[in-house]
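**Student:** Just so you know, the sequences run in chain order A and B. Be aware that the first sequence starts at 1, since it is given in my numbering, and climbs by one per residue. Be aware that the second sequence starts at 1001, since it is given in my numbering, and climbs by one per residue.
Think of the hints as simulated: they come from the structure by calculation, not from any bench. Just to be clear, a hint being listed does not mean it is correct.
[To be verified] Mimicking BS3-like on lysine-lysine, the simulated pairs with C-alpha atoms at most 27 Å apart in a straight line are: (1) B:K1113 - A:K42; (2) A:K243 - B:K1032; (3) A:K42 - B:K1080; (4) B:K1028 - A:K3; (5) A:K253 - B:K1032; (6) A:K200 - B:K1032; (7) A:K243 - B:K1211; (8) A:K173 - B:K1202; (9) A:K3 - B:K1032; (10) A:K146 - B:K1303; (11) A:K154 - A:K84; (12) B:K1080 - B:K1117; (13) B:K1113 - A:K4; (14) B:K1028 - A:K243; (15) B:K1032 - A:K8; (16) B:K1211 - A:K200; (17) B:K1303 - A:K42; (18) B:K1028 - B:K1080; (19) A:K253 - A:K128; (20) B:K1288 - B:K1303; (21) B:K1028 - B:K1014; (22) B:K1032 - A:K4; (23) A:K243 - B:K1080; (24) B:K1113 - B:K1080; (25) B:K1028 - A:K253.
[Said to hold, decoys possible] Residues of chain A clear of chain B, computed beta-carbon distances all greater than 10 Å: (26) K4; (27) M32; (28) R79; (29) S82; (30) E83; (31) E103; (32) K128; (33) V131.
Even for Gly, the Cβ is constructed at its ideal location relative to N, Cα and C.
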Amino acid sequence: MIKKEQMKIVSHIQIAEDIFELTLAGELVLAMNDPGQFVHVKVSDGMDPLLRRPISIANINQEKQECTLIYRREGLGTRVLSEKNIEQLVDVLGPLGNGFPVEEVGVGETALLVGGGIGVPPLYELSKRLVAKGVKVIHVLGFQSKSAVFYEEKFNGLGETYIATVDGTVGTKGFVTDVISNNGIIFDTLYSCGPTPMLKALEAAFPDRNAYISLEERMGCGIGACFACVCHLQDDPEGYTYKKVCSDGPVFKVGEVVL
Amino acid sequence: MNRLQVELPGLSLKNPIMPASGCFGFGKEYSKFYDLSTLGAIMIKATTVEPRFGNSTPRVAETSAGMLNAIGLQNPGLEKVMAEELPWLDQFDVPIIANVAGSQIEDYVKVAKEISKASNVHALELNISCPNVKTGGIAFGTIPEVAAELTKYVKEASSVPVYVKLSPNVSNIVEMAKAIEEAGADGLTMINTLIGMRIDLKTGNPILANKTGGLSGPAIKPVAIRMIHEVSQAVSIPIIGMGGVQSAEDVLEYFYAGASAVAVGTANFVDPYVCPSIIEDLPRLLDKYGFEYISECQGRSWK
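Make the full structure from the sequences, and use the hints.
**Tutor:** As C-alpha cells, this is what we get:
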C-alpha cells in the first residue's frame, strides 16, 4: 500500500564525500516489505525543485518505525535535502516499486551482492534479510575513490566484503567485474544495483545466471502514470512492449529488459 | 444544486476538476489513491490508431517551477484502449474525455469515430498540439486553416462533442481559436505545453533524448491565463483551462480568466491526491469570495 506521509527526520549525517545518511520515522515504514523498494521525496516546500526525488531504502526498522535513506548530493534537489535538520518533516511517498526477490536464493546457498556508488544502499537491507534467512552473502562494492566509500564495516559485519575503486585509492583498482573474476567468487544468485555500464558488464559476464538488477532512470511520478521511465524488453527490443522502471521495477531479472 | 456543478457540451460535471491528458495514464495508478468517481471528468492519455512506444529516455527534465517532458505519445493503440482501458474505467461514475492523436487526418478520423462510440466517452479532446512527435501533432496546431480542416473531419466522424486542444506555440492564439470555432468545434482546451530545452553541463548535450520537450507546471500558468483571457472574449464556445494548476486558488484564477472547467496536469506527479484536495477545498474559496456557484466566476476578469 503506497502512502504519503510527513516523516520526521531522526538523524541526518554525512558519511562520505557528498554522501548523506537520512533516517526518517513514520507509519509509512510499516508498509515497507521488500529490500530494493524506494521512496519519492519532496525535498522543497515550494516549487523549486517541483518534482519528487526517488531514493532507495537502505535500512528498514519496523519495530522503531524508522527507515534509512542514503543519497548523494548531486544537483539542486539533493542539495536542498542535505540542508534539512533533525526534527524537520519531509513529505515522502512510498514505498514504491518492486524489490529484490529474497526467495530466489535458498538457505545455505550463496548470494553475491554487487553495488556501484549510490547503488550500494539498497543492498544493505537486502543483505540483512538474506543473512537472517540463512544465506551466505558476499559483497563486491565499487566506488569512484576512497573518499566516496561508505558502509564498508556494516557490510563486513554481514559477510565477506570486497571494495573496488576506480582510482585504486582503496581496495582493488578497477571494476567490480575484475574483483569477481580475480577472486574466483562462486555464487548461486546475483543481486546488483548501480550504474548502467556496471549492470551491462555483469549481464555480459553472467548471461545464464540467476541474477536480479535494479535500474535507475529519471522519473516523473514514480507510480507508473507518466511514462517517463520506460524501457524496452529484450525479446522485443524494437517493439511496443515495455516495462516501467518505477512500477514494474526497479528490480528486474537479468535478460528481461534492454539496458 | 451542487455548487461545483458545471454544464458543458457533452459533459455534465459534478465538479470542474479533471486530470489532464498524459498526466494520469488511463487512471489505474491513481485509483490506488482515491475513488476516481470523485473527479469531474478524466482526460485519458492520447490514443493513436497503432500502438506507440514513444521517445527514448531521458524523457523528463526538471526546470524551475516546472518540468520538460518528451514522452512521445506512448500508448497501447486504439484497439487495446477500446478493449481494455475504457471498459476498466467504466466501473467509475465519471465521464471520460478521450484525447485523440495522429499524424494525418485519416488517423484522427479513425480514432475519433471508434473511440467516441464507447459508452463512457462523453467528449473528445483533439490533440493538435503535442510538441513531441515528429510528424502531425503540432503541425495541425500551428496553421489555422489546417487545424480547421482537421476539426471539420473529426466533427463529422465523432458521435460526441469535440474539444480542440490549443498549442501556445503560435503567434496568434485568437486567430487559431476562431478558425477552430468556425470549423464546428464544441469547445477548446488550453494550453498544451510550451516547447523548451535544458542542457546538461557535464556532457554539453540536451538532457532530453528528444532534445526538446514540452514545458508544463506552475511556470506556464501566467501564459495560459493570458491566452484564456484573450480567447474566451473572442469565441463563444467553452474553454477547459490547464497549465500549472496546483490549488483551488489556481482554479478560481482560471475561471476568472474565462475557463469553464480546469484540468490538473503536472501537479498529479507531485501529489497524487491533488485533484480530490482541490475539489474539497473549492467550496471554502467560493465562500471566501462570496460566490454561491463556481459557474458565476467564469470570465470575471473581463465581464
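**Student:** Could you work out which of the previously given hints the structure breaks and list their numbers from low to high?
**Tutor:** Violated hints: 1, 3, 6, 10, 13, 17 and 26; rest satisfied.
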